[in-house]
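Going by this note's numbering, the first residue of the sequence shown is number 443, and it counts up by one from there.
Take the hints with a grain of salt, since some may be wrong.
Okay, derived cross-link-like pairs now, EDC-like style, lysine to aspartate or glutamate, Cα gap no bigger than 16 Å in a straight line [said to hold, decoys possible]:
#, residue 1, residue 2
1, Lys604, Asp666
2, Lys619, Asp659
3, Lys648, Glu679
4, Lys604, Glu625
5, Lys638, Asp674
6, Lys619, Asp664
7, Lys619, Glu660
8, Lys604, Glu590
9, Lys619, Asp607
10, Lys619, Asp666
11, Lys604, Glu579
12, Lys604, Glu660
13, Lys604, Glu679
14, Lys648, Asp674
15, Lys604, Asp667
16, Lys648, Asp667
17, Lys619, Asp674
18, Lys604, Asp592
19, Lys638, Asp659
Label pairs and their computed distance ranges (CB to CB) [unchecked claim]:
#, residue 1, residue 2, range
20, Arg684, Ala593, 22 to 30 Å
21, Asp607, His627, 15 to 23 Å
22, Thr490, Ile581, 21 to 29 Å
23, Pro685, Asp613, 25 to 33 Å
24, Ala653, Met611, 22 to 30 Å
25, Ile581, Ser493, 49 to 57 Å
26, His584, Pro505, 29 to 37 Å
27, Ser571, Gln633, 47 to 55 Å
28, Asp559, Gly665, 52 to 60 Å
29, Pro685, Glu579, 15 to 23 Å
The hints are simulated quantities; they were obtained by calculation from the structure and are not laboratory data.
Just so it is clear, CB atoms sit at the ideal spot from N, CA and C, and this is done for glycine as well.
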Amino acid sequence: MTENRLARGRDVRPPRDPREPRERRPEVDTSAVLVIGLGRFGTALASTLDSLDRRVLGVERDPDLIRTWSGRIPLVEADATNPEALEQLGAREFHTVVVGVGTELEASVLITGNLVDLGIPQIWGKAISAEHGRILERIGAHHVVYPEYDAGQRVAHLVSGKMLDYIEMEDGFTIVKMRPPRELHGFTIAQAQVRKRYGVTIIGVKAPGVAFQYAADETRIDGDDVLIVSGDSSLLERFAARP
Numbered sequence: 443m444t445e446n447r448l449a450r451g452r453d454v455r456p457p458r459d460p461r462e463p464r465e466r467r468p469e470v471d472t473s474a475v476l477v478i479g480l481g482r483f484g485t486a487l488a489s490t491l492d493s494l495d496r497r498v499l500g501v502e503r504d505p506d507l508i509r510t511w512s513g514r515i516p517l518v519e520a521d522a523t524n525p526e527a528l529e530q531l532g533a534r535e536f537h538t539v540v541v542g543v544g545t546e547l548e549a550s551v552l553i554t555g556n557l558v559d560l561g562i563p564q565i566w567g568k569a570i571s572a573e574h575g576r577i578l579e580r581i582g583a584h585h586v587v588y589p590e591y592d593a594g595q596r597v598a599h600l601v602s603g604k605m606l607d608y609i610e611m612e613d614g615f616t617i618v619k620m621r622p623p624r625e626l627h628g629f630t631i632a633q634a635q636v637r638k639r640y641g642v643t644i645i646g647v648k649a650p651g652v653a654f655q656y657a658a659d660e661t662r663i664d665g666d667d668v669l670i671v672s673g674d675s676s677l678l679e680r681f682a683a684r685p
């Protein structure tokens, strides 16, 4: 769909006469996020931001998706591959724009390029492959995410042991939420000597019905506790695999 469609939404402006001088960049709301593409990734992102009381606007060119999400999140129907459409819906007023279009490579690249031309301070792009990600970075995306790959990698770690959650930071440093191995049950942090024996660090302990507490030498570990543990990913894998 190539025609610009702005049937409904917020912050929609009338078309600018190309003979007029371009107006100054409007004041940017640093908390505002524009989400382009309302597939599973885009709608999850937009609805979560909306629930956090962030100023968010979803952009989608598929009228069926517009009807599905109308009234649930702020949105506008438009073809973001058209730079004039981005101008009309006020894209310049947003500090952060997320391009959630992934499967249509040409559209993803065109939209990202349009945002770069508009001088958007923070552009996030969804990529479905390493090659796709490199293209987005080369044309000016500030951040590239790989939702499918990241989710698959995370789930692989979760199904392989006692881990309940897994966050890999960088250079192999990882933070996990996990159940404690049996050998730690009934012992304090000082007695267990986890860092000395396994090379990982227990950051905190959450007991059922008790507020989270940062780990101290005297903190006791029970079988129904949840541990927050940090360290190298390979060491954490071996630690979490203990019975």
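Each hint, compared with the structure:
1. Lys604 x Asp666: holds (12 Å)
2. Lys619 x Asp659: Outside the cut-off at roughly 19 Å; violated.
3. Lys648 x Glu679: violated (20 Å)
4. Lys604 x Glu625: holds (14 Å)
5. Lys638 x Asp674: holds (14 Å)
6. Lys619 x Asp664: Judged against 16 Å, a Cα distance of about 15 Å means the pair holds.
7. Lys619 x Glu660: Outside the cut-off at roughly 20 Å; violated.
8. Lys604 x Glu590: Given pair lysine 604, glutamate 590 is violated - Cα atoms ~22 Å apart, limit 16 Å.
9. Lys619 x Asp607: The hint holds at about 5 Å.
10. Lys619 x Asp666: With a Cα-Cα distance of about 13 Å, the restraint between lysine 619 and aspartate 666 holds, given a limit of 16 Å.
11. Lys604 x Glu579: violated (36 Å)
12. Lys604 x Glu660: violated (24 Å)
13. Lys604 x Glu679: holds (9 Å)
14. Lys648 x Asp674: violated (22 Å)
15. Lys604 x Asp667: holds (12 Å)
16. Lys648 x Asp667: holds (6 Å)
17. Lys619 x Asp674: holds (14 Å)
18. Lys604 x Asp592: violated (19 Å)
19. Lys638 x Asp659: holds (13 Å)
20. Arg684 x Ala593: 22 to 30 Å: holds (26 Å)
21. Asp607 x His627: 15 to 23 Å: At 21 Å between Cβs, range holds.
22. Thr490 x Ile581: 21 to 29 Å: The hinted range 21 to 29 Å holds for threonine 490 and isoleucine 581, with Cβ atoms some 27 Å apart.
23. Pro685 x Asp613: 25 to 33 Å: holds (29 Å)
24. Ala653 x Met611: 22 to 30 Å: holds (25 Å)
25. Ile581 x Ser493: 49 to 57 Å: violated (32 Å)
26. His584 x Pro505: 29 to 37 Å: Holds, since histidine 584 and proline 505 (Cβ atoms, about 31 Å apart) stay within the stated range.
27. Ser571 x Gln633: 47 to 55 Å: holds (48 Å)
28. Asp559 x Gly665: 52 to 60 Å: holds (58 Å)
29. Pro685 x Glu579: 15 to 23 Å: violated (44 Å)
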